[in-house]
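Listed below are the residues making up each chain.
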Amino acid sequence: MQKLIKDALQEIQQASNLQELKNVEVKYLGRSGLITDLLKTLKDLSTEEKRTKGQEIQEIKKSFTENYLIAEKKLQKQAIEEKLTKEFFDITFNEINPQRSQQKGSLHPLSILQKEVEEIFSEMGFEVADGPEVESEYYNFEALNIPAHHPARDMQDTFFLNCPTDKKQGQLVLRTHTSPVQIRMMEKYGAPLRLIVPGRVFRYEATDATHDSTFNQVEGLLIDKNISLAHLKGLMQEFLKRFFKEEATVRFRPGYFPFVEPGIEMDMLWTKNGKSKWLEVMGAGMVHPNVLKAGGLDSNKYQGWAFGFGLTRFALLRYNIDGIRSLHSNDLRYLKQF
Amino acid sequence: MKISINWIKNYLNLPDQKDWEAFGDLLTVRTAEVEEVIDLAKSFDHMVIGQIDEIRPHPNADKLKITVTNIGSTTHQIICGGSNIFVGQKVAVALPGAKVKWHGEGDLIELQASKIRGEESFGMICAGSEIGMKDEIEGGILDLSHLKDLPGTPLAEALNKNDIIIDIENKTLTHRPDLWGHYGMAREIAAITDQKLKPIKFFEKYNLELPNIIDIDLKETKLCPRYLSITLDNIKVEESPNWLKTALENTGNKSINNIVDATNFVMLELGNPLHAFDTKQIEGEKIIVRKAKAGEIITTLDNEEKKLDKDILIIADNKKPLAIAGIKGGLHSGINHKTKTITLEAANFEPISIRKSSVKLGIRTDSVQRFEKSLDPLLAEKALDRLVKIILDLCPSAKIISKKQDINNFKYQPKVIEFDLDKACQKIGIEIDKKTAKDLLEKLEFKIETSKGNILNVTVPSFRATKDINLPEDLTEELARLYGYEKIKPIIPELSIRTIPRPNDELKEEHLIKDILSLELGFNETINYSFYSLKTIENSNLNHNDHITICNHLSEEQTHLRTNLIPNLLLNAKENLKNFTEFKLFENGRTYKLANSFFPVEEKFFAGIIVLNDKSITEPFYQIKTAIEILLNRLNINSLKYQKSQIDNPLSHPNQSATYFDFKTQKEVINIFTLHPQVAHNFNFKKEKIACFTLNFSALHQLPHPPRKYKNIAKFPSITFDISLIIDKNQEIANIEKTIYKADNNLITKIELFDFYQGENIPKDKKSLAFHITLQSDNRTLQDEDMKNIQNNIIKNLEKLNAEIR
Chain A
1 MQKLIKDALQ EIQQASNLQE LKNVEVKYLG RSGLITDLLK TLKDLSTEEK
51 RTKGQEIQEI KKSFTENYLI AEKKLQKQAI EEKLTKEFFD ITFNEINPQR
101 SQQKGSLHPL SILQKEVEEI FSEMGFEVAD GPEVESEYYN FEALNIPAHH
151 PARDMQDTFF LNCPTDKKQG QLVLRTHTSP VQIRMMEKYG APLRLIVPGR
201 VFRYEATDAT HDSTFNQVEG LLIDKNISLA HLKGLMQEFL KRFFKEEATV
251 RFRPGYFPFV EPGIEMDMLW TKNGKSKWLE VMGAGMVHPN VLKAGGLDSN
301 KYQGWAFGFG LTRFALLRYN IDGIRSLHSN DLRYLKQF
Chain B
1 MKISINWIKN YLNLPDQKDW EAFGDLLTVR TAEVEEVIDL AKSFDHMVIG
51 QIDEIRPHPN ADKLKITVTN IGSTTHQIIC GGSNIFVGQK VAVALPGAKV
101 KWHGEGDLIE LQASKIRGEE SFGMICAGSE IGMKDEIEGG ILDLSHLKDL
151 PGTPLAEALN KNDIIIDIEN KTLTHRPDLW GHYGMAREIA AITDQKLKPI
201 KFFEKYNLEL PNIIDIDLKE TKLCPRYLSI TLDNIKVEES PNWLKTALEN
251 TGNKSINNIV DATNFVMLEL GNPLHAFDTK QIEGEKIIVR KAKAGEIITT
301 LDNEEKKLDK DILIIADNKK PLAIAGIKGG LHSGINHKTK TITLEAANFE
351 PISIRKSSVK LGIRTDSVQR FEKSLDPLLA EKALDRLVKI ILDLCPSAKI
401 ISKKQDINNF KYQPKVIEFD LDKACQKIGI EIDKKTAKDL LEKLEFKIET
451 SKGNILNVTV PSFRATKDIN LPEDLTEELA RLYGYEKIKP IIPELSIRTI
501 PRPNDELKEE HLIKDILSLE LGFNETINYS FYSLKTIENS NLNHNDHITI
551 CNHLSEEQTH LRTNLIPNLL LNAKENLKNF TEFKLFENGR TYKLANSFFP
601 VEEKFFAGII VLNDKSITEP FYQIKTAIEI LLNRLNINSL KYQKSQIDNP
651 LSHPNQSATY FDFKTQKEVI NIFTLHPQVA HNFNFKKEKI ACFTLNFSAL
701 HQLPHPPRKY KNIAKFPSIT FDISLIIDKN QEIANIEKTI YKADNNLITK
751 IELFDFYQGE NIPKDKKSLA FHITLQSDNR TLQDEDMKNI QNNIIKNLEK
801 LNAEIR
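Chains A and B, in that order, are what the protein sequence lines are. Under the working numbering, residues 1 to 338 are what the first sequence spells out, in order. Under the working numbering, residues 1 to 806 are what the second sequence spells out, in order.
No wet-lab data here; the hints were simulated from the structure. Take the hints with a grain of salt, since some may be wrong.
Restricting the straight-line Cα-Cα distance to at most 27 Å, the calculated cross-link-like pairs of lysine-lysine (DSSO-like) are [stated by the list, open to error]:
hint : chain 1 : residue 1 : chain 2 : residue 2
1    : A       : K336      : B       : K487
2    : A       : K225      : B       : K667
3    : B       : K487      : A       : K245
4    : A       : K301      : B       : K489
5    : B       : K508      : A       : K188
6    : B       : K615      : B       : K667
7    : B       : K709      : B       : K641
Far from chain A, by Cβ distances over 10 Å, these chain B residues were calculated [as the list claims (entries may be wrong)]:
hint : residue
8    : R30
9    : T299
10   : L331
11   : K356
12   : N572
13   : N576
14   : R590
15   : Y592
From the three backbone atoms N, C-alpha and C, an ideal C-beta is built for every residue, glycine too.
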């Protein structure tokens, strides 16, 4: 019996991993293990013998278990350490057959930026409005102080639609700017107004690196009492700062849009490769009294500004895209980058 | 429009600038956008006048000659191939460092001293086309012998190219008729730079006793508010003097002859177009300003025949049209070297009619550009007085032989605007005191004679009064830009309680769907044009009569407004198959459909397409279906009923199309379908498996979106067992599941198809299916007994469907 325990403890010591240790346990304490067998012999002994022998065997079992637990603890620790130090893991490994697994989807850059712009303006207290893409000449031009045959209509080469005309509304056109929504919102809500209108606009312009027949614009309108160009400058600097994530320097210069007076163009100082230049980013100005009137507002009581910028242009700047055409190419090699 | 600084300097003491770019910037922020500042002399750097002292043959080339050319300080050997060189000739010499165009072609190249066929050549003797000018003789060099300048004179100086040209973006002058001439621009520059504008000289001493010579019959007083005319004799038509040629050429105009150049000069100076007729060609001694007769024909100065109609205003004599009023002169009565007597026209035409006629005839001229901006009728007379003065200067022999006729039908009344300075400042967002405001406005020739407090009575100068300045707001702009927009300090506007933004749930849901489709379901978003072509419509089995068409489309690819988003997505898919074999695309955009109302119906749609390889074991239809179900679940929409499509969709496979249907509106909100094989063929798809969905977002957004409600997690354990069966191939899964549910609607809580097989070992008309079925009760632990009962019921029910349970 002394030999048995000596062997057992030695075997526990020699086990070099958890599996070997487990085997030792099975050998001694398993259903037909050596110690288990010894215990089984007890039932054939006298009461006295049962007590002394039994005690002896229990001692052996106890000693075995104690040693076993110590060894097990040691080997567990060793196993974890081995995993931590030795197990090879290649983080550069790719799944071998991604075909079957989920592919990465993507949002169009214009969608991403539109949402960003909406969020920035929402945070600044603007609501986001919407209007039809097929507009009437009335909303697209007349109501915006661009009467028929005004030279300004040249600035916005227009797609006309083959549809019946209306006496007040004129012909149907694809809107050349998001500005008609100014009138629609004034008609709907009156003043004050504090809103932006992101949307698709159309120009009768052949496609080249900087022009396209379709592009996305964001219109802004702030109408209240005492609203000035200083507020426009303040808000635009803040917007550009949040959008481009760096301090923005802007300048105003005279610009001509019949629906605003004073009319301004806003430039932003743009630095690329260490060179700075003024970049035209939006048209803006104080809403023309005729426009307020067309929208049913009292121009003696209310005043404010409007602005419009090309989201498409901002997308080119933000992502360093060199031609407007790729924005409508819908080439997955390009879409998947976003 | 090109503005010459040398020309401007005639009207004010404009100091030379170190940095003309900065000067251009100043104009940009005060007045109008400067597109480019061009230093004309720059392209003549390292070029001088040379004089050929000696010519001898080149030993190694027949066509080349060796010259010794004097360039003032020294002489150089220069090799030259010009056919017209001679000793004593003055020539343009480009020295090493100059940039020239070899033989007038290609890019500019910097010259270096080099050997030509073994002989040294220090620079070159230039042909006109090599330095941006015209070639007078084919293969000849530019002969400058007529110039008085000595050898060594910088070429820019000799050619009068020491000028700065400010090129202004025309669009920014749309509302400023006064800036379409150098004098107007000088007035602006004087105001900006705080200089004094000098007056210009006009002819004044008209003789009222003289006859008319040519009578004026002004029939259209509305279209022509003013017509002035005068006739001069003893005219000598000849080449213009240098100063005039230079002024015109430096601003991008061609010099023609002294008379035509004089009319153009005054137009470019004062902004009022002018015309000179050859008096001899005016038949009946009469000029009639009338509308053209339908079909009347005129040959214009550039020898083009134009057919006129009865809305077009013309200048005619008794027999024929002489000119298209305010647009272009006629060839017949134009000035040529034989002309001895001229009749000058200075007029004012109604802008809208000019514009309409110009568009109709497809003629856009400097004259149209000015008249369409609403010119000041007072300016016409000034222009004539100035033109007479210039012509008499150019042609001292000329004699005025008629009186100055002035037929006019306008009443000039100075425009006075009550200008509230406080209100203006409140709009600009800056305080400007009364004195400053007054000074600034007066620099632009506004007159402020009376004022009450900060309310100024401002008289608008006539040249600003036609259209540009009408309202106090217009004066606010004048004040703001002259004071300087850069002085406005940025302020963040207050956000008052009243203006809490209204939410836009529709837009939010639109973004949410985009996010789910792309970020969760793996679609790539595309953005297509709103149009497509007739061919695409036909390829898509759509009816072109349902489409709105564009009157003035840009290309045959963009003729119809889309009624469906799928066709453009199919084009995208086709294109992308060049680089990818399997993908999912979607788009969010509008469709445009004819309606009974004036405005067409615009609906917002989502559409998607899944393209799978033909070897793919799954059908894209099922992927689309899964995607839509995940989407609807995310959006909390559960009121749609899924069923076989009831409406024919021309794009879809007739048997592989389903719809998510709204009972209330009887509207198919979402369609999912396998692409019609014919459409697939039309779009040239080969074996790809393609399925699509279209989702009417405008309709979907109207559906109830009941908020998600938490459901308690079952307290009692569930039992799951499997059922395998073989059943007719044509049995719908939904029907089988329904049959299974019937066994116990309460306890069966989930049925999940986990195996599907068709093929070997199964009869051809059968399919093998296996389901996990889950039982669950809310109020007790289920027993084996429950399961057995349900199993038996399921088997009994399925057997009614001819299923064989395995």
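Open item on the list: For each hint given before, does the structure comply? Return the numbers of the non-compliant ones in rising order.
Closed with: Structure breaks hints 1, 2, 6, 8, 11, 12, 13, 14 and 15.
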